[in-house]
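Student: The lines below spell out each chain.
Protein chains: 2
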Amino acid sequence: MQNFADRLDLSIQEKKSCLVVGLDPVLDRLPPEVLCEVGVPNAGEPGWTARAASATGIFLRGVIDAVAPHAVAVKPNAGFFERFGAVGWDCLRQVSEYAAKQGLLVICDAKRGDIGNTAAAYAEGLLGDTPDTLGPVTDAVTLNPYLGEDSLRPFIDRCSAGKGLFLLVRTSNPSGADLQELDVGGEPLYLKVARLVEKWGAGSRGERGLNPVGVVVGATAPEQAAAVRKELPEAFFLVPGYGAQGGGAEELAPFFIEGGRGVVVNSSRSVLYAFDGKEGDWREAVGEAASSAREDLETVRTQSG
Amino acid sequence: MQNFADRLDLSIQEKKSCLVVGLDPVLDRLPPEVLCEVGVPNAGEPGWTARAASATGIFLRGVIDAVAPHAVAVKPNAGFFERFGAVGWDCLRQVSEYAAKQGLLVICDAKRGDIGNTAAAYAEGLLGDTPDTLGPVTDAVTLNPYLGEDSLRPFIDRCSAGKGLFLLVRTSNPSGADLQELDVGGEPLYLKVARLVEKWGAGSRGERGLNPVGVVVGATAPEQAAAVRKELPEAFFLVPGYGAQGGGAEELAPFFIEGGRGVVVNSSRSVLYAFDGKEGDWREAVGEAASSAREDLETVRTQSG
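Chains V and G are the protein sequences, given in the same order.
The numbering of the first sequence is the numbering used here, which starts it at 3 and goes up by one.
The numbering of the second sequence is the numbering used here, which starts it at 3 and goes up by one.
All clues given are correct.
Which chain V residues stay away from chain G? Per the calculated CB distances, all over 12 Å, these:
{"id": "1", "residue": "M3"}
{"id": "2", "residue": "E16"}
{"id": "3", "residue": "C38"}
{"id": "4", "residue": "R63"}
{"id": "5", "residue": "A102"}
{"id": "6", "residue": "A251"}
{"id": "7", "residue": "G279"}
{"id": "8", "residue": "E290"}
One-sided excerpt, in silico: chain G residues whose CB lies under 7 Å from chain V:
{"id": "9", "residue": "G81"}
{"id": "10", "residue": "E84"}
{"id": "11", "residue": "L149"}
{"id": "12", "residue": "E151"}
{"id": "13", "residue": "G178"}
Since the hints were made in silico from the structure, they are not lab data.
Quick reminder that beta carbons are idealized off the backbone N, C-alpha and C, glycines included.
Construct all of the structure, not just a fragment, from the sequences and the given hints.
Tutor: Put into structure tokens, the structure is as follows:
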């Protein structure tokens with residue numbers, strides 16, 4: 003398969019969009035008609051997980067249909083599916099497959115990080131080619147770098163097979179600073195991590211000059227983004243925190259490289275639940291929110307870098 | 003439910019064992035008779051995941067029967083089950099439930115770490131009370147601290163309901179040093195993390211003086227263990243790296259607190275695959291390896307702290 007950075011870059015150019023829609027399904031925020039259709043019992047009652055996963059699948063297929071023209075990728079977050087046990091894991095796979103069929107790239111937001119043969123097992127399950135696992139339908143995963151290079155190597159090795167990674171560098175949550183901002187010899191830890199990512203990604207660059215060993219850098223910290231970009235001039239950035247988490251599009255400029263390239267921006271709740279408090283078809287509201295987010299981001303992207 | 007630290011401490015006293023058996027099942031190392039019984043096709047062929055998960059379940063139930071008299075807990079590693087997709091997740095749940103029924107505590111080695119409502123979703127799925135999820139059959143989980151306090155809070159809050167945590171501080175893999183040994187104001191990052199864990203765990207202590215907000219500190223680094231123990235005088239330590247990963251029992255002494263308390267030691271491959279190259283029933287070889295590891299550890303434990 004083509005290098006993930008090439009695939010993502012081409013898709014951004016073709017679709018004129020750097021929007022990623024985060025799939026963070028929370029059952030009690032689903033449209034009432036979806037919940038009614040499935041008949042979900044109260045949490046904890048027999049059959050709840052199966053019904054909850056079923057309703058989640060119906061909802062997310064509707065979301066995918068609505069956002070497919072406006073987004074380059076979806077980012078299902080594994081935690082919201084694991085929460086339903088084995089049936090949730092099945093739902094995650096089905097939703098990912100459906101998104102892939104609609105021409106969206108799939109970034110599995112798993113934030114995994116483990117050592118030795120466990121890292122290899124995770125890499126096989128998430129990015130491998132075994133039927134009935136996520137591997138064949140997932141293009142990229144998010145990873146946690148705290149365990150160092152050997153924990154990431156089985157994933158990095160799969161970049162040569164067309165897969166991509168986004169390593170957590172500076173996250174957008176308030177406590178992200180607890181470790182990430184600690185002073186390491188005059189600079190914050192996250193910058194040290196960025197420099198390690200640059201080293202780990204050497205040799206993975208695609209034909210279009212971008213690197214599939216990418217990073218996650220929160221949109222709530224634009225001055226930090228500029229510093230990370232300086233260390234990683236070719237890496238793809240996955241930027242969460244736009245929309246419901248508080249970051250505005252104008253703050254995204256420092257993330258982009260020349261020609262408005264090298265960045266995808268995630269929006270989850272402000273797209274997923276755009277129908278909240280509105281009349282009419284919920285899918286339309288979701289599609290409109292995605293379209294509007296895409297336009298908002300395009301203004302910045304086309305003027306950046 | 004009783005505080006996890008109390009439950010674990012009592013179980014160690016009663017069983018006279020601090021051994022945890024890590025469940026890291028690798029298909030091609032399973033006993034041939036188990037593979038034959040199930041008839042596992044080649045990887046990638048239709049039905050492989052279901053057959054692989056089935057063989058894994060049979061193997062691990064046999065392991066659990068064999069080690070139950072000698073160990074206080076099992077530590078299934080989520081990566082080896084995720085590798086089989088949804089059926090693997092189901093297998094993880096069934097194996098955990100089986101271990102709980104045999105009187106073993108279950109530590110799910112998931113190494114999760116995420117933010118906001120995702121952290122809450124993971125905590126509900128792994129430690130909550132929803133039927134058909136891991137929550138009801140899992141006593142504790144491992145977590146990655148890179149995202150800071152708010153990513154851990156939904157888990158810490160469950161300690162009051164009898165659950166336990168082990169936060170990664172210093173891991174036993176060669177690249178663990180990449181981040182964990184970085185110099186932060188004259189001391190390594192992992193010591194800063196240990197101090198944060200002490201702060202985060204305040205208020206969770208059990209009646210027996212130990213804290214269920216524990217840590218993972220690798221056995222390959224005994225002098226580091228002493229430094230971490232100084233920062234965390236009451237936390238439970240989960241020590242991997244004993245056995246196949248290279249650490250010896252005599253190096254474990256600095257981990258223990260007074261009375262040989264506050265430590266559990268994990269052994270995975272040297273117990274799981276003890277039948278390798280031996281004649282006779284594979285379950286017997288596994289049981290003997292667990293018994294021998296227990297004795298080895300008891301010598302150190304009863305002379306420590």
